[in-house]
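Peer 1: Next come the chains, spelled out residue by residue.
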Amino acid sequence: MTSSPSNLMIEARGVEKWYPNGYHALRGVDLTVHRGEVVVVMGPSGSGKSTFIRTFNALEDFQKGTIRIDGNSLGNDLRQIDAIRREVGMVFQQFNLFPHLTVLDNLVLAPTLVRGRPRAQVQAQALSLLDRVGIKEQAQKFPGQLSGGQQQRVAIARALCMEPRILLFDEPTSSLDPEMVREVLDVMRQLAHEDITMVVVTHEVKFAEQVADRVVLMAEGSVVEEAPPAQFFKNPKHERTRRFLDQIL
Amino acid sequence: MNLLLRRLRADLFATPADGALSLGLIALISAAAVGLVQWACQKAQWAVIQANSTLFAVGRYPEAQQWRLWLLTALLTAATGVSWGLLRSHPRADREGQLWPRNDRLVLGLLAAVALWVPWALRLAPALQSRWWLLAALLGASRWLAGRFGSHLSRPLLRLFPLVWPLLYLIGMVLISGGLGLMPVPPSQWGGLLLTLLTASFAILLCFPLGVLLALGRRSDLPLLRWSAVVYIEFIRGAPLITLLFLGQNILGFLLPGGLAPDRIWRAAWVLTFFAAAYLAEAVRSGLAAVPKGQAEAARSLGLSYPQTLVRVVLPQALRVALPAMVGQFISLFQDTTLLSLIGLLELLGVARTVMANPEFLGNNREVYLTLALLFWSCCAALGLGSRALEKRLDPQTLSQSASRP
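Protein chains in written order, with this note's numbering: chain A, 1 to 249; chain B, 1001 to 1406.
Looking at chain B on its own, in the form it has when it is part of the complex (with noise of 0.2 Å):
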């Protein structure tokens, strides 16, 4: 208690002017958390979220057909929970891994905290409150399965293993859309978050090899080549992404093989991905040129080709570099996919909006877009707790100073 004390005084009132300084702002912090607190619990009115609760998560996609967005929310759900804990079994060669840090149960109990109470606040039926006590059950059984046999798995299989996500995306795309003896549900009934995030994981996956083709391109020495990339990015880059979305609806017709953007959400997409590889290329172009000269050097005087020095020496360095830059893209991507509602289509923004000229919940706005910021804020927060992580496991700096000294 004295420790905390003093830890309090040497942090919060180390001067006077620091203590003023410390008093003022909690006053301030807490008037407004009082103030949200009050108005939360006791004006807000969440009989609006409530009742659109489905629509926001998945817009009129069809109920009867919904258990198949389940199925994929489960096997995405597994997924990562295998991930997760091959990550934990499977430390850095030069460290001693923990398999359950601190962290990891942190945000494991977090979760299972929000998939107990965020069904009960939405007061959803019995039985689709336990689908999300399942779903946290898989998340945590598959994590400590994966953490406690991991090791056992050969080196093959583990390499191969990341390939679970491309595959699941293909999986998700004939879940969600049909065919292949599924009910077919056009894209004009996908919507809510189901829309957003799919629109936004397809940009951001598409985007980032794209944007490596452009980077390379760009520093080529072919001259053609390098001049189509730097005018490619330097178009992109100079108009306003609304522009292009509204563009994209007339025009990606002609300019994409048929089939690859028949309607609407599709065409969107591309919109989506060819704006945020032009910004993805200026960020890995600065991680390419961060790598020094002589590993390239290196690499070709003992016989790489130069396919496998840019594969297994540059790149690898320049995209660790270039890591928290491209995750800042792929979050401002995520952010962008509101605009996709000023196009007509019903993502999460274009939901709510609806919702909110609904009479029915008329002066609703605050508890709407409240809920909005939350959930876009979660998902972001998610990225970035990612990239941290993978930015600590890449990095061998952070390292250095731990080493063991001889």
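Chain A extracted, bound-state conformation (with noise of 0.2 Å):
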């Protein structure tokens, strides 16, 4: 990976976040993912990579520091999220397909209305990509009639669909019967080959070792440790990485 400036795709500096409550979510958080990159977040639950990765798209707010995505600035300036917004996809633990639209409108609702695109052009394209997750003969469905790996498999495909420049999962297999993790992450490891950005927050060890280019531990709302997989798993620097794996693994 060549990390020359106008590589970067996500770069966030010292973010802080406290919610309203008082409480102190993210304490300072850096981070750079370059283009093409796979960078899988790890930790605790309640230590903030969520939150942190929601900030990418402005799903969550922050209060200090900067995060800038493809060289633009994540401010308050609302026209400028709605443009970031295009350019980073976002696949959820609970799925969120749209449960009164089918499968394929499910898939050209987005590129259509926010990109302007002709319909049967995005028809044809929700179909290919559908038929790349393995779902295309239940386009006519709806969400409700899939397993939850369907499910997701779809969502993938509807992040897909703008054609983002990031994705971003945020702990995709978590909410999934264990036999159907499989599917979705055979997915994202086919997506993983390719040019797109990807961020995961993910208890998938095995998923990290084999597709990451780098793993991140967060803890407590900060960053602790941050290695190719290789070193993170086999050699972690920092005692709180190894507590956290002798729990996991």
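If you are wondering where the hints come from, they were derived from the structure by calculation, not from laboratory data. Where is the CB? At the ideal position from N, CA and C, for every residue including glycine. Do not rely on the hints blindly, as some may be mistaken.
Claimed, not checked - 16 Å max Cα-Cα, derived EDC-like pairs, lysine to aspartate or glutamate: (1) B/K1293 <-> A/E60; (2) A/K206 <-> A/D186; (3) A/K64 <-> A/D30; (4) A/K234 <-> A/D246; (5) A/K136 <-> B/D1094; (6) B/K1392 <-> B/D1104.
Unchecked claim - Computed beta-carbon distance windows for the label pairs: (7) B/I1171 <-> A/D195: 54 to 64 Å; (8) A/P20 <-> B/A1074: 51 to 61 Å; (9) A/R79 <-> B/L1224: 20 to 30 Å; (10) B/P1324 <-> A/N7: 51 to 61 Å; (11) B/A1289 <-> A/D131: 29 to 39 Å; (12) A/R79 <-> B/L1342: 53 to 63 Å; (13) B/L1224 <-> A/R117: 36 to 46 Å.
What the hints assert, rightly or not - Far from chain A by the CB rule (all over 12 Å, computed), these chain B residues: (14) Q1042; (15) T1054; (16) P1119; (17) R1131; (18) L1157; (19) L1205; (20) L1225; (21) I1236; (22) G1238; (23) L1339; (24) M1356; (25) P1359; (26) A1381; (27) L1383.
Combine the two chains into a complex, taking the hints into account.
Peer 2: Set out below in structure tokens:
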């Protein structure tokens, strides 16, 4: 991975966030992600990892620090936020498919509405994306008629249909039955080989080992350790990382 | 036959206690039914309805202009038939629809029977009777045509079709009140079922957007907007409708821009609208609360703007959840129109009261009230049937059970 400045996709510096109730959720987090990189964020629950990646598309605000997405800084300018959201896709733990739309319309909605692309063209692209994630034949069904794993694959296809440059995954397999985790990870593995930049919050160690360029450990609202997977899992520098790995391995 | 007996036994006489209860109920129901039929066929004097059927239908609407109402009825009938047929020829993407499901045939047959029997029972002139048959035929024909050829309609045309209804409402207003070359008929001459349907549909159509806006206002982040909505909703819900109706007659002239409430009928219709909107807002609010936060987040993360998120993602789900409660509101709103008779308007109940006060028909109250009840019941039943069909069509959950398993 080259690291010339023009390749910086995500640049977070000293990000701090307090919730309205005063809870200090992020305590000066730094992270840089380059084009095409896959970064896995791990950490105990409550460590702020989901909150952190949700700041990248302004689903969470922050009070201090700066975040630049592909050169554009995230501030209070709403138009800037909309522009950034178009380039940053997100896959949620709870899938969050639109239950009142067919699978196909879930994919077609945003590109036609937000980018103003012709429906027929988006539909063709959507079908090929559904084919890629292996559920083309379910295109006319409603999300409630699919299994959890299928729904999450639709959610990934929906995010891809906007052709984002960055894809965020917020614990994409945590609410899946164990036998469905693999089909979703397979799709993500496929994606990792492509040009797209990925930030993945997950507890899937095997996935991180095979796919990640870097693994980040967050605890108590800040980054504790950041290392390539081989080093992160075999030979972590920090005591906190060792304790965390002991708990999940 | 054997099966029927076994089923009867399982349903009605499973245990001795069940059997006793069933027998008691059957005795009670049949006694009531026999009494009602005897009274309706032998003692009741239906002349009061036959002689006043026009009055009940349209009040004192001038006879020479009544063709406009017939035309409007025909237009509405055709639009109903076409909408109905289009719904059947365009089943949901995920299921095989039937062009003529059994319930549709049943309803159409029932309506045809009513169109044949009611005019005859009312002893209408043959010319008028035949108009009712024509209406029934029109409904069937438009239903059949839209069902048969609806699938050839292009997608944009199909999406525009629902606009026929608001358009028809405007056309209806012109046809009823005159203008654009038609002789004006002042509201004071409207009455009966016409006035009931007019005020009810006016209030239902307008309270819906108003209620949605109020519900959104109540959940808004802007304190001024939120508090205005709360004060409005709580004030309206805390006052009896009849008080508001009297109040509205006195103050609406000042509150609304001139011309919107020129006379008693429109003032009453606006009060009904404002009243129903407050209750509707609460129904919509519960629907909004039922949409998970993740839905809006997913929409925003795909780049949809706030209005797009609201209109395309949040509201469709919220309204689907709120639908039964909203239709309940519409039904009670429909029945609340009877209160207009207390401020001197001659809607159905008002007409009925003038008829019963006529010395010629003294002592015929039972016939009149029963007819009114039947009229109200059939309108509300139609609303209920429509809403249940809509619910079924919009509900993703009912289908997940019947979905084909891989």
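Peer 1: Are the hints correct? Go through all of them and say.
Peer 2: Checked hints:
For a cut-off of 16 Å, the pair hint linking B/K1293 to A/E60 stands: about 13 Å separates their Cα positions. Using a Cα cut-off of 16 Å, the hinted pair A/K206 and A/D186 holds, with the two alpha carbons roughly 12 Å apart. Distance check on the hinted pair: A/K64 and A/D30 sit about 12 Å apart at the alpha-carbon level, within 16 Å; holds. For the hint linking A/K234 to A/D246, the alpha-carbon distance of about 11 Å falls within 16 Å, and the restraint holds.
Distance check on the hinted pair: A/K136 and B/D1094 sit about 14 Å apart at the alpha-carbon level, within 16 Å; holds. Straight-line distance between C-alpha atoms of B/K1392 and B/D1104 comes to about 15 Å, which keeps the hinted pair within the 16 Å bound. Checked against the hint of 54 to 64 Å, the pair B/I1171 and A/D195 passes, with Cβ atoms roughly 57 Å apart. Under the hint 51 to 61 Å, the C-beta atoms of A/P20 and B/A1074, about 60 Å apart, fit the expected range.
Range check, A/R79 to B/L1224: about 25 Å between beta-carbon atoms, so the 20 to 30 Å window is met. The supplied range of 51 to 61 Å is met by B/P1324 and A/N7, whose beta-carbon atoms lie about 55 Å from each other. In this structure the supplied range 29 to 39 Å holds for B/A1289 paired with A/D131, their Cβ-Cβ distance being about 38 Å. Checked against the hint of 53 to 63 Å, the C-beta distance between A/R79 and B/L1342 comes to roughly 55 Å, which is consistent with it.
Distance hint check for B/L1224 and A/R117: the Cβ-Cβ separation is about 39 Å, which falls inside the suggested range of 36 to 46 Å. Against chain A, the non-interface label of B/Q1042 holds: every CB pair exceeds 12 Å, the least being about 55 Å. At roughly 46 Å from the closest C-beta of chain A, the C-beta of B/T1054 stays outside 12 Å, upholding its exclusion from the interface. With a least CB separation of 43 Å from chain A, B/P1119 remains clear of the 12 Å interface cut-off, as annotated.
For B/R1131, the non-interface assignment is confirmed: its Cβ lies about 42 Å from the closest Cβ of chain A, beyond the 12 Å cut-off. Taking the minimum C-beta to C-beta distance to chain A, about 15 Å, the non-interface status of B/L1157 holds against the 12 Å cut. Every beta carbon of chain A lies more than 12 Å from that of B/L1205, the smallest distance being close to 23 Å; the non-interface claim holds. For B/L1225, the shortest C-beta to C-beta distance to chain A comes to about 18 Å, beyond the 12 Å cut-off, and the non-interface label holds.
The claim that B/I1236 lies off the interface holds: its Cβ sits roughly 30 Å from the closest Cβ of chain A, which is beyond the 12 Å cut-off. Distance check on B/G1238: its Cβ is at least 32 Å (rounded) from any Cβ of chain A, clearing the 12 Å threshold; non-interface status holds. Listed as a non-interface residue, B/L1339 keeps its Cβ farther than 12 Å from every Cβ of chain A; the least gap is roughly 37 Å. With a least CB separation of 49 Å from chain A, B/M1356 remains clear of the 12 Å interface cut-off, as annotated.
Consistency note on B/P1359: stated as away from chain A, and its beta-carbon is indeed over 12 Å from all of that chain's, at 59 Å minimum. The claim that B/A1381 is not at the interface with chain A holds, since no C-beta of that chain comes within 12 Å of its own (minimum 27 Å). Every CB of chain A is more than 12 Å from the CB of B/L1383 (nearest about 23 Å), matching its label as outside the interface.
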